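Peer 1: Chains A and B, in that order, give the protein sequences. All the letters of the first sequence, read from the start, carry residue numbers 103 to 266 under the numbering used here. All the letters of the second sequence, read from the start, carry residue numbers 46 to 628 under the numbering used here.
It is possible that part of the hints are untrue.
Straight-line distance between alpha carbons at most 25 angstroms, and here's what the computed DSS-like set of lysine-lysine pairs gives [said to hold, decoys possible]:
#	chain 1	residue 1	chain 2	residue 2
1	B	Lys111	A	Lys168
2	B	Lys234	A	Lys164
3	A	Lys168	B	Lys399
4	B	Lys399	B	Lys223
5	A	Lys174	B	Lys83
6	B	Lys399	B	Lys234
7	B	Lys215	A	Lys174
8	B	Lys59	B	Lys223
9	A	Lys168	B	Lys83
10	B	Lys83	B	Lys215
11	B	Lys223	A	Lys168
12	B	Lys234	A	Lys174
13	B	Lys59	A	Lys168
If you're looking for bench data, these hints aren't it; they were derived computationally from the structure. Predicted, not measured: the structure shown is a model, and the values here were computed from it.
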Amino acid sequence: MRHIISLLVENEAGALSRISGLFSARGYNIESLTVATTEDHTLSRMTIITTGSDRIIEQITKQLNKLVDVVKLQDFTEGNFIEREMMFVKVKADGESQRAEVKRLSDIFRARIIDVTDTTFCIELTGAGDKLDAYIKAMHENNIVEVVRSGSMGIMRGEKALTL
Amino acid sequence: MELSGSEIIIQFLKDEGVKHLFGYPGGAVLHIYDALQKQDDVEHILVRHEQGATHAADGYARATGKPGVCLVTSGPGATNAITGIATAYMDSIPLVVLTGQVPSHAIGSDAFQEVDAVGVSRPCVKHNFLVKDLNKLAETLKKAFYVATTGRPGPVVVDIPKDITAPHIKIPYQYPEKIELRSYNPNFKGHPRQIKRAVELILNAKRPMIYTGGGIILDNASEELRNFVRKLGYPITQTLMGLGAFPGTDPHFIGMLGMHGTYEANMAMHECDVLICIGARFDDRITGVTSKFCPYAQVIHIDIDPASISKTINADIPIVGGAKQVLVELIKQLDQTELKVDKKALDAWWKTIKSWQSQNSFAYEQKKGLIQPQAAIEELYKVTNGDAYITSDVGQHQMYAAQFYHFDEPRRWINSGGLGTMGFGLPAAMGVKLAFPDKDVACVTGEGSIQMCIQELSTCLQYDLPVKIINLNNRYLGMVRQWQEFFYEKRYSHVYMDSLPDFVKLAEAYGHVGILVENPDDLHDAMVEAFKLKDRTVFLDIITDQEANVYPMISAGKAHNEMDISPLQQKVQASLKAKGELV
Numbered sequence: 103m104r105h106i107i108s109l110l111v112e113n114e115a116g117a118l119s120r121i122s123g124l125f126s127a128r129g130y131n132i133e134s135l136t137v138a139t140t141e142d143h144t145l146s147r148m149t150i151i152t153t154g155s156d157r158i159i160e161q162i163t164k165q166l167n168k169l170v171d172v173v174k175l176q177d178f179t180e181g182n183f184i185e186r187e188m189m190f191v192k193v194k195a196d197g198e199s200q201r202a203e204v205k206r207l208s209d210i211f212r213a214r215i216i217d218v219t220d221t222t223f224c225i226e227l228t229g230a231g232d233k234l235d236a237y238i239k240a241m242h243e244n245n246i247v248e249v250v251r252s253g254s255m256g257i258m259r260g261e262k263a264l265t266l
Numbered sequence: 046m047e048l049s050g051s052e053i054i055i056q057f058l059k060d061e062g063v064k065h066l067f068g069y070p071g072g073a074v075l076h077i078y079d080a081l082q083k084q085d086d087v088e089h090i091l092v093r094h095e096q097g098a099t100h101a102a103d104g105y106a107r108a109t110g111k112p113g114v115c116l117v118t119s120g121p122g123a124t125n126a127i128t129g130i131a132t133a134y135m136d137s138i139p140l141v142v143l144t145g146q147v148p149s150h151a152i153g154s155d156a157f158q159e160v161d162a163v164g165v166s167r168p169c170v171k172h173n174f175l176v177k178d179l180n181k182l183a184e185t186l187k188k189a190f191y192v193a194t195t196g197r198p199g200p201v202v203v204d205i206p207k208d209i210t211a212p213h214i215k216i217p218y219q220y221p222e223k224i225e226l227r228s229y230n231p232n233f234k235g236h237p238r239q240i241k242r243a244v245e246l247i248l249n250a251k252r253p254m255i256y257t258g259g260g261i262i263l264d265n266a267s268e269e270l271r272n273f274v275r276k277l278g279y280p281i282t283q284t285l286m287g288l289g290a291f292p293g294t295d296p297h298f299i300g301m302l303g304m305h306g307t308y309e310a311n312m313a314m315h316e317c318d319v320l321i322c323i324g325a326r327f328d329d330r331i332t333g334v335t336s337k338f339c340p341y342a343q344v345i346h347i348d349i350d351p352a353s354i355s356k357t358i359n360a361d362i363p364i365v366g367g368a369k370q371v372l373v374e375l376i377k378q379l380d381q382t383e384l385k386v387d388k389k390a391l392d393a394w395w396k397t398i399k400s401w402q403s404q405n406s407f408a409y410e411q412k413k414g415l416i417q418p419q420a421a422i423e424e425l426y427k428v429t430n431g432d433a434y435i436t437s438d439v440g441q442h443q444m445y446a447a448q449f450y451h452f453d454e455p456r457r458w459i460n461s462g463g464l465g466t467m468g469f470g471l472p473a474a475m476g477v478k479l480a481f482p483d484k485d486v487a488c489v490t491g492e493g494s495i496q497m498c499i500q501e502l503s504t505c506l507q508y509d510l511p512v513k514i515i516n517l518n519n520r521y522l523g524m525v526r527q528w529q530e531f532f533y534e535k536r537y538s539h540v541y542m543d544s545l546p547d548f549v550k551l552a553e554a555y556g557h558v559g560i561l562v563e564n565p566d567d568l569h570d571a572m573v574e575a576f577k578l579k580d581r582t583v584f585l586d587i588i589t590d591q592e593a594n595v596y597p598m599i600s601a602g603k604a605h606n607e608m609d610i611s612p613l614q615q616k617v618q619a620s621l622k623a624k625g626e627l628v
């Protein structure tokens, strides 16, 4: 099963390698991993998307908790949470009809065109992972120049929060 | 007090109560060695290889319970230390390893003797640090000792760039008495409600089994364990790492379990209905195939590391806590409850266990003119009155030592259980001897293992560490040969050591005493002689039966009740079967 695990970690050199190293050393999957500092510059917030049986997920959360740099951890999967991912797509936009087609498709997905050249558009799109997948599918493969995805990040709904 | 980084390191070690430092100098730690040379409080032991430093510090830590401390240089100094760090990590031994590093400005430039010590050591340390700021040096050292020694202990590496230790830059120093890490808070106390549930299950057991490991020793919980076991009257087995926590000669102890455990311990594991595991981690050498592990048992698992619980074997009652505190609480609740041990069921259970015991699974055949390796350990046990500190290397000799030396006290049996590091025994023995100069310290080894760290014989001489080396010399890498005999139709691939050194001459070349023992009749006298030479390191080169095997054995994919047993035990079973008395 797919799990979304959110962590607060010490904002120190090496913290990221400890976490990614744990996954590779123990053979756990990482679907995506995002990390950046929080409003408190001593802390980083990390979102990890992973898959595994209940037993493996239990081990992953326990092993992560064991790392000295991990301050707090929560597996969002059981609760009510919001998940978003951001994507940049550079597409071919050459000629009137193709430009109109890309524009129309982007409007349907509520994507924004953020850069334009004579032959390309750069598009920004935010949403759950499957929405981004759908956009890529809808955009004809031959039209795509490059795709950059941020990986998912998550936050709990309601008043609950992962803080110190 | 204004001190340089190097002086801070030495002063901090003094303040932390560190008496011995195992190390090897080099470019990146020259400033520290200069500061070391100007004082007498911290004694430095110059080893002959950094691996020896880590194993010696590890042996010291296992024997004393205090953290072992090493100092090595950057690059090869750090990488040579890795095997010892990994050894300590697998057995949860508190080590603090200070590694020199190239100057801060040169980090990442492929400088001479540069290696990313933090990166290289990361998978085999509990935690590690790179000191980037002199002002944080003392605090970082304190954190290292705190993390290494608390919770589930383990090795911690502190990587210190050379500029941090520069003699001319001085800052105020104060020993940090206490340290707090918001992200690290080991839990020592078990949950009272879980403990209550455990007590109920323990007292409802018909065929109980207590299974304990190194966690008892690490948490100094031997006394509590003894009270717990004797109060209940239940059988106990211990892992290789746990030997000595409960006395080896107490009748409640039914021998080590696992791959080379006793027949009775493994059979009792298979048949038990309640398994009480304290401070052990269901390692693959213990469980055999997990799908057939303890098929009738409900499992109580007490461990300080939550990640060890339900990792390989599901725990019905998990208790996260230190062995000592949880045992104290268990005993307290046992005293208070009105539930009683089921005496009748327990007597029947003991009767079954005793019938298994009567098959004598460790019995071995004597062969005329050949020294059996088991006999050598039995002789060692007798001559040292069972009171020596025994370190070992890895292989058949290690199993024989665990089987035939009956440890009655904790911290007497010092071996690399988790990582299985050949070369561990001799340097570990040096560390033990340094801590207990008046005690007999013997390293049980083989001609394969001893050659992996034999250079430390030189250290033994320099620092007057008279250990006894019991070399069970079968001219084979015995355990590998045994596997090749059993599982590869005796195709002995690269296990024969056909150009061995003359160990007696070698010992003498290092300034020690060497004794060759080839005849079973000479074994006793040679052993007595070795231990009589109190102030000499003695190398006993004992030529043993080449084809002796370690029994019983649980081979890959087998369960506890599917052991390969010795030819002698097979005969016993056949005759019991003929009489209809085989249980």
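Peer 1: Give me the numbers of the hints this structure contradicts, sorted from smallest to largest.
Peer 2: When the structure is compared with the hints, numbers 3, 4, 5, 6, 7, 9 and 13 turn out to be violated.
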